[in-house]
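From just these sequences and the hints, can you work out the full model?
Number of protein chains: 2
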Amino acid sequence: MLTLYDYLDSGNGYKVRLLLAQLGRPCERIELDIDRGETRTPDFLAINPNGRIPALVLDDGRPLAESNAILCYLAEGTPFLPADPYERALVMQWLFFEQYSHEPYIAVARYLLRHLPADHPRRARLPELRERGHQALAVMEGHLAGNAFFVGGRYSIADIALYAYTHVAADGGYDLSGYPALGAWLQRIAAQPGHRGLFDLAEG
Amino acid sequence: MLTLYDYLDSGNGYKVRLLLAQLGRPCERIELDIDRGETRTPDFLAINPNGRIPALVLDDGRPLAESNAILCYLAEGTPFLPADPYERALVMQWLFFEQYSHEPYIAVARYLLRHLPADHPRRARLPELRERGHQALAVMEGHLAGNAFFVGGRYSIADIALYAYTHVAADGGYDLSGYPALGAWLQRIAAQPGHRGLFDLAEG
Chain W
1 MLTLYDYLDS GNGYKVRLLL AQLGRPCERI ELDIDRGETR TPDFLAINPN
51 GRIPALVLDD GRPLAESNAI LCYLAEGTPF LPADPYERAL VMQWLFFEQY
101 SHEPYIAVAR YLLRHLPADH PRRARLPELR ERGHQALAVM EGHLAGNAFF
151 VGGRYSIADI ALYAYTHVAA DGGYDLSGYP ALGAWLQRIA AQPGHRGLFD
201 LAEG
Chain Z
1 MLTLYDYLDS GNGYKVRLLL AQLGRPCERI ELDIDRGETR TPDFLAINPN
51 GRIPALVLDD GRPLAESNAI LCYLAEGTPF LPADPYERAL VMQWLFFEQY
101 SHEPYIAVAR YLLRHLPADH PRRARLPELR ERGHQALAVM EGHLAGNAFF
151 VGGRYSIADI ALYAYTHVAA DGGYDLSGYP ALGAWLQRIA AQPGHRGLFD
201 LAEG
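Chains as they are written, first to last, in UniProt numbering: chain W, 1 to 204; chain Z, 1 to 204.
In case anyone wonders, no lab produced these hints; they're calculated from the structure.
Because the structure is a prediction, the values reported are computed rather than measured.
Glycine included, every Cβ here is placed at the ideal spot set by N, Cα and C.
Errors might be hidden in some of the hints.
[As the list claims (entries may be wrong)] Pulled a few chain Z residues facing chain W out of the computed Cβ check, cut under 7 Å:
id	residue
1	ALA21
2	PRO49
3	ASN50
4	GLN93
5	TYR100
6	TYR111
7	VAL139
8	GLY142
9	LEU198
10	PHE199
Pasting the structure below:
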């Protein structure tokens, strides 16, 4: 049985939960409260020395960290990761885009608004985060204006990774009404077989 | 012939140049000055709508962006990317660690010091960047204290990706003297066959 160290409100954790549900793979889920330092304990740092969820522990006890690396591992050999070398490379391109140009702005703005008090000094970064976040959303809109999915015309882990924080971007103060192609894609992803919501832990 | 859109001072570009040299694969290199907006022209945005180097254009004209995605594509089927599924996943884990927990602090501090004037307001972030950068270096040090390379005891694209900005971290004000295992690893990487420096464009 796979073990997933997770935090329910995390979009990065949700990526893995969503893929596992759509693959029909059961896992034991262990909730860690990131606001209470539960990802900084010696036991958890032995699993992921970088102290972040999600982290997956395989049947044989070997650990794997980084949400998008976990997606790649679980999707290998399934329709969620194309076999064609160029299409695989494009999936990687969008996964790195997500972690470098999207998540640090879309997800972090959401974190600041949901987890930190209104007068917290880190909130001073919100205007800069919003500007960079909208740049990422505009890149996505441009791609989705001519493509139903991110890679190869089919649903893949690139869509899962980008859906995770985009579909709750409003929590970070992002208004998505100016991105019609992105809005249609969000509906397309939510209509995929086996889809589940961010807070839905029902058995797949 | 491959075409690499690049910027000589970029560690992200250097990753690709280093791997191409070690693979013995020639490429045409096109220098774009990121400080002069040359990655924001319509011609380049048609190659990478996210407006960033490096971007690779394949023989048949198809483009690929994101340095670590380019590494994965070029390394497929070579000793630079393991075939074992778990080792591949660990390579991905370190590639995502590099782009999320390392580059935004190590590389960005270097950028602020090398490219922006001393009184630029963005330099106010340097103390925060340094703190997060040292956290990433400590994670690397912990791993390298028990491992000669990042994955599977062998040189791979995980080492190339992490070497790129670590070996010039001093440019960002990072003192590496407190990281002895990391220092030994830097020497090990520089001693690999076909190694070249950041500014070395000599034929492989």
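Evaluated hints:
1. ALA21: Check failed: Cβ of Z/ALA21 comes no nearer than 20 Å to chain W, outside 7 Å.
2. PRO49: 5 Å, holds
3. ASN50: Holds - the Cβ of Z/ASN50 comes within 7 Å of chain W, reaching about 5 Å at its closest.
4. GLN93: 4 Å, holds
5. TYR100: For Z/TYR100, the interface hint holds, since the closest Cβ of chain W sits about 5 Å away, which is under 7 Å.
6. TYR111: Check failed: Cβ of Z/TYR111 comes no nearer than 14 Å to chain W, outside 7 Å.
7. VAL139: Constraint on Z/VAL139 satisfied, holds at 5 Å.
8. GLY142: It holds, given that the least Cβ distance between Z/GLY142 and chain W is near 5 Å, below 7 Å.
9. LEU198: At about 20 Å, which exceeds the 7 Å cut-off, the nearest Cβ of chain W leaves the hint on Z/LEU198 violated.
10. PHE199: Hint violated; Z/PHE199 Cβ to chain W Cβ min 24 Å, cut 7 Å.
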